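Asker: Next come the chains, spelled out residue by residue.
Number of protein chains: 2
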Amino acid sequence: MFTIMPIKGFIDDIDGFYCDGIHAGLKPNGNNDLGFIYTKEACNVKAVFTKNKFQAAPLKHFQNYGENFQTNFVLINSKNANAMTGSKGLEDIDNIFSQLDFELINPIMSSTGVIGNRLPIEKLVKGAKSFDLNAKNGENLSRAIMTTDAYPKTCLYEVKLEDGSSFKIGAVAKGAGMINPNLATMLCFVCTDANVPFEDMQESLLTNSQTTFNAISVDGDTSTNDTVMLLANAKSNSYNKEAFFEALRLVMHDMAMLMVADGEGAKKVAAFEVINAANNEEAEIAAKALSNSLLVKTALFGEDPNFGRIASTIGASQITCDEEKLVISYNDVIVFNKGEITFTTEVEEKAGQVLQNDKYKVICDLGLGEGTFTAYGCDLGYEYVKINADYRT
Amino acid sequence: MFTIMPIKGFIDDIDGFYCDGIHAGLKPNGNNDLGFIYTKEACNVKAVFTKNKFQAAPLKHFQNYGENFQTNFVLINSKNANAMTGSKGLEDIDNIFSQLDFELINPIMSSTGVIGNRLPIEKLVKGAKSFDLNAKNGENLSRAIMTTDAYPKTCLYEVKLEDGSSFKIGAVAKGAGMINPNLATMLCFVCTDANVPFEDMQESLLTNSQTTFNAISVDGDTSTNDTVMLLANAKSNSYNKEAFFEALRLVMHDMAMLMVADGEGAKKVAAFEVINAANNEEAEIAAKALSNSLLVKTALFGEDPNFGRIASTIGASQITCDEEKLVISYNDVIVFNKGEITFTTEVEEKAGQVLQNDKYKVICDLGLGEGTFTAYGCDLGYEYVKINADYRT
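Protein sequence lines, in the order shown, are assigned to chains A and B. Just so it is clear: in the first sequence, position 13 is 13 by my numbering, and no numbers are missing. Just so it is clear: in the second sequence, position 386 is 386 by my numbering, and no numbers are missing.
One or more of the hints may lead you astray.
Taking beta-carbon pairs under 8 angstroms as the criterion, some of the chain B residues facing chain A (in silico) [stated by the list, open to error]: (1) 49; (2) 52; (3) 85; (4) 278; (5) 308; (6) 311; (7) 382.
Listing some non-contacts, in silico: residues in chain B with all C-beta distances to chain A over 10 angstroms [unchecked claim]: (8) 8; (9) 69; (10) 94; (11) 106; (12) 158; (13) 197; (14) 198; (15) 241; (16) 253; (17) 315; (18) 323; (19) 332; (20) 341; (21) 356; (22) 361.
Treat the hints as calculated values from the structure; they're not laboratory data. Remember, predicted model here, so these are calculated numbers, not experimental data. All C-beta atoms, glycine included, are put in the ideal place defined by N, C-alpha and C.
Using the sequences provided together with the hints, build the complete structure.
Answerer: Here it is in C-alpha cells:
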C-alpha cells in the first residue's frame with residue numbers, strides 16, 4: 001500500500017536539489033539558454049540515451065564515467081547540441097569544467113540544439129561562473145532547456161509508504177514535435193530523494209521508457225542527444241520498489257504527454273490503441289506506424305475521419321492482419337467493421353465530431369489475439385513546416 | 001549492340017494498343033476519371049503489386065487469374081480505390097464486366113482514389129459502354145488516371161536491335177507525393193510490342209523495380225493499390241533480353257522520376273547517394289531513411305544546408321557508421337569531413353546555393369566499404385499539408 005500524489009512545485013522542492021537557469025548569450029532573443037542541477041553532496045545517477053549511432057559528445061562524456069558513479073553537478077545548455085563535433089566536442093566539455101572554480105564531482109553536461117557546431121566555450125564558462133549554487137529556481141531551469149517548445153515541462157509527486165516514510169520525485173524536461181520521425185531532441189531530468197539502489201534506477205528507467213517515451217518515439221529513430229537522466233540523493237531514506245517504479249512511470253508519462261501535446265504546431269493528441277493483435281510486438285509496430293504516418297497526421301489536422309488511411313497504414317506496417325476481422329473506431333464511433341463499410345453520412349458526421357476534440361482515441365481492433373499497445377501522436381499542420389523549414393536560422 | 005531512343009507519342013503509338021479516357025461522373029470537377037487499354041488480340045500480361053497487407057479488390061481480382069494469362073482489356077478508374085471493400089469489392093468488378101457487350105478476355109481492373117467506398121457501378125458501366133475501342137487517345141487516358149498529380153506522366157521509346165528488327169515500349173503512369181511515407185497510390189502501365197516471354201516479363205519487372213519505384217518508395221510501406229503492369233503483344237516479333245531489360249529500366253526510371261518531381265506541392269528533387277557503406281543493404285537503408293525524413297524534407301524546402309539533420313538521420317537508421325569516416329556533401333560542396341566541421345560561412349553560402357536548384361545530390365560517403373544506393377526524395381512544404389488535410393473532400 002502506498003499513495004502517489006501530484007504536488008505543486010519543481011525539482012528544487014525536493015530536499016537537497018538546487019537549480020537555476022540564466023541567459024548566457026546563446027539564444028539571440030535573450031531567453032534562458034543555460035541551466036544547472038546541483039546537489040551539495042554527490043548523488044547517484046543513471047541515464048538512458050538515444051539509440052542513434054551518432055551519439056552527441058555529452059552522451060559519450062557521461063558514459064566515459066563507467067557504470068555506477070555519483071555526481072554533484074549537471075550543466076545543461078540549449079541552442080547547440082554539441083553533436084557531430086568529433087573528439088573536439090569531448091575536449092570542449094572538459095575545457096568548460098576545468099575553468100569552473102567550485103568543487104565538481106564527475107560533472108555532467110547535457111546539450112540540445114543545432115547539430116554540427118562547436119560549443120561557444122567562453123559564453124558557457126562565463127555563464128556557469130555566474131551561477132548561484134544555492135538557487136532554487138526550477139522554473140528558470142525549465143525555460144533554459146527549451147528549444148522549439150511552446151511551454152516548459154515539469155512535474156512533482158509525493159509518495160507516501162505504508163511505514164509512514166515518504167519521498168518526492170519530479171522532473172524537468174524539454175522536447176517538442178513528433179519526436180520521431182522529426183528527431184527533435186528529448187531531454188528529461190528526473191530528481192528524487194528516494195533511497196533507490198543503482199540497479200533499480202537502471203531497471204526502472206528501462207522498463208518505464210517502453211510505455212512512455214518510446215510510445216511517442218520509435219526505437220532507434222531518435223535524435224543524437226536524447227537523454228532521460230535519473231538523479232537520486234537518498235535524502236529521504238525512504239524506498240519501496242513497487243511504489244518507486246510506479247511513481248517514475250507517472251513522471252515519465254507526464255513528461256511524454258506534455259511533449260506530444262507540444263508537437264511543433266500541433267493542436268491535437270491522438271492515442272492510437274491497437275488491440276487484439278497477434279502479439280504485443282505487432283501491436284507496437286502498428287500503433288507506432290499510425291502515430292508516425294504523415295497521411296494520418298494531416299488527416300487529424302484536417303479533422304477528416306479518413307479511416308482508409310488508418311487501414312492502409314496498418315496494412316503497410318506488415319503485421320498480421322485480416323480485413324474481415326478488423327474494426328476501426330474513433331472513440332466509440334465504429335467506422336469500419338470486419339470488411340463491412342459502416343461509414344454512412346451519419347457515422348461520418350459523428351466521427352468528424354470526435355476529431356474536433358483536442359484528445360481522442362483511434363482504436364484498431366485486429367481481432368486476432370491478445371496483443372496490445374498504445375502509441376501517442378499529434379496532428380501535422382502548416383506550423384510544423386514553418387518551424388522546421390527555418391529552425392536552424 | 002542495340003540503340004534505345006526516346007520518341008514522341010503515347011502507348012497507342014505502339015502497334016496493336018488502343019486507349020482512351022473519358023469523364024464518367026466520378027470526379028465532381030468534370031475531369032477524366034475512367035480509361036482503358038485495349039488490344040484486338042489478347043496479349044501477355046504480368047504485374048508487380050504493393051506489399052501492403054490490405055491489397056485492394058482489383059489486385060486480388062488480377063491474381064485470381066493465376067500465373068500466366070492473356071488479356072485484351074484493362075479498365076482503369078480514379079477517385080475510388082475499391083480498397084477495404086471486402087468480398088463486395090470483388091463482386092463489383094465482376095458485375096461491371098458482366099454488363100459490357102464487347103468480347104472480353106480475362107478483363108483487368110485497376111483503381112486509385114479514396115479507400116473504403118464501394119465503386120459507383122452504374123456510372124462505370126455507362127462510361128465503359130461509351131468507349132470507342134478503336135480510339136488512340138493516350139493523353140486522354142493519362143489524364144483519366146490522375147488523382148493529386150499536377151501533370152500526366154507518359155513516355156515512349158524505340159529499341160533497334162542488331163538484326164535490324166525493332167520494338168517499341170512506353171508507359172502511362174500516375175502517382176504524386178512522396179509515395180512513401182504518404183502512401184499515395186502509384187499506378188504504371190507499360191505496353192510493348194516486343195516478343196518478350198512470360199518469364200522475362202516477370203524477371204524484368206522485379207529487377208527494375210529495385211532501382212526505380214523502390215528507390216522512391218520503401219518496400220512494404222506502400223498504398224493498398226500500387227501496381228506496375230506490363231502488357232506485351234509480340235506484334236513486332238523483335239526481342240533481345242538485354243535490350244528489353246534496359247529499355248524497361250529507362251521507362252520505369254522515367255516514370256519514377258516524374259512521380260517524385262510531382263511530390264504533392266514539391267518543388268525540388270534530391271538524389272540521396274549513399275556510397276562506401278558497409279554493404280548495399282545498409283546503403284539502401286540509409287538512403288531511404290534520408291529520402292523519407294520529415295526533418296530533411298523540410299530543410300530542403302527551406303533551402304537550409306542543415307547537414308546535422310542528414311547526419312542524425314543516418315545515425316538513427318541504425319546502419320554501421322563512424323563519425324570519423326563520414327563525409328557529407330551537397331553536390332561538390334563538402335560540409336562535413338571525417339569528424340571535422342568544415343562548415344565555414346563561405347561553405348554554408350556555397351551549400352545554400354546548391355539547395356536553390358531544382359535538382360541536386362546529397363552525397364554521404366560512409367568510408368567503410370563498397371555499398372552504394374541512391375534514393376530520390378522531394379521537399380515538403382505548406383502545399384503538402386494543404387493537399388493532404390483535405391484530399392478526401
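Asker: All hints are to be evaluated individually against the structure, with a verdict given for each.
Answerer: Each hint tested on the structure:
Proximity of residue 49(B) to chain A is violated relative to the hint, the smallest CB-CB distance being about 12 angstroms (cut-off 8 angstroms). Taken as an interface hint, residue 52(B) checks out: its beta carbon lies about 4 angstroms from the nearest beta carbon of chain A, inside 8 angstroms. The interface hint given for residue 85(B) is met, as the beta carbon of that residue sits about 7 angstroms from the closest beta carbon of chain A, less than 8 angstroms. With a cut of 8 angstroms, the hint placing residue 278(B) at the interface with chain A is violated, because the nearest CB-to-CB distance is about 12 angstroms.
A least Cβ separation of about 2 angstroms between residue 308(B) and chain A falls short of the 8 angstroms threshold, and the interface hint therefore holds. Against a cut-off of 8 angstroms between C-beta atoms, the interface hint on residue 311(B) holds, since the closest Cβ of chain A lies about 5 angstroms away. Because the closest C-beta pair between residue 382(B) and chain A is about 5 angstroms apart, less than 8 angstroms, the hint holds. With a cut of 10 angstroms on Cβ distances, residue 8(B) stays outside the contact zone with chain A, its closest approach being about 36 angstroms.
With a minimum CB-CB distance of about 25 angstroms to chain A, residue 69(B) clears the 10 angstroms threshold, and the non-interface call stands. Once the 10 angstroms rule is applied to beta carbons, residue 94(B) is consistent with being away from chain A; the minimum gap is 17 angstroms. The Cβ of residue 106(B) sits about 24 angstroms from the closest Cβ of chain A, beyond the 10 angstroms cut-off, so the non-interface label holds. Distance check for residue 158(B) against chain A: the nearest CB is about 38 angstroms away, which clears 10 angstroms, and the non-interface claim stands.
With 10 angstroms as the threshold on Cβ separation, the claim that residue 197(B) sits away from chain A holds: the shortest Cβ distance comes to roughly 32 angstroms. No Cβ of chain A comes within 10 angstroms of the Cβ of residue 198(B); the nearest lies about 28 angstroms off, and the non-interface call holds. For residue 241(B), the requirement that its beta carbon stay farther than 10 angstroms from each beta carbon of chain A is met, with the minimum near 33 angstroms. For residue 253(B), the requirement that its beta carbon stay farther than 10 angstroms from each beta carbon of chain A is met, with the minimum near 24 angstroms.
At roughly 3 angstroms from the closest C-beta of chain A, the C-beta of residue 315(B) falls inside 10 angstroms, breaking its exclusion from the interface. Its closest Cβ contact with chain A, about 6 angstroms, brings residue 323(B) to no more than 10 angstroms, contrary to its assignment away from the interface. At the 10 angstroms boundary, the C-beta of residue 332(B) stays outside the reach of chain A, the nearest C-beta of that chain being 19 angstroms off. For residue 341(B), the non-interface assignment is contradicted: its Cβ lies about 6 angstroms from the closest Cβ of chain A, within the 10 angstroms cut-off.
Every CB of chain A is more than 10 angstroms from the CB of residue 356(B) (nearest about 14 angstroms), matching its label as outside the interface. No beta-carbon of chain A comes within 10 angstroms of the beta-carbon of residue 361(B); the shortest separation is about 19 angstroms.
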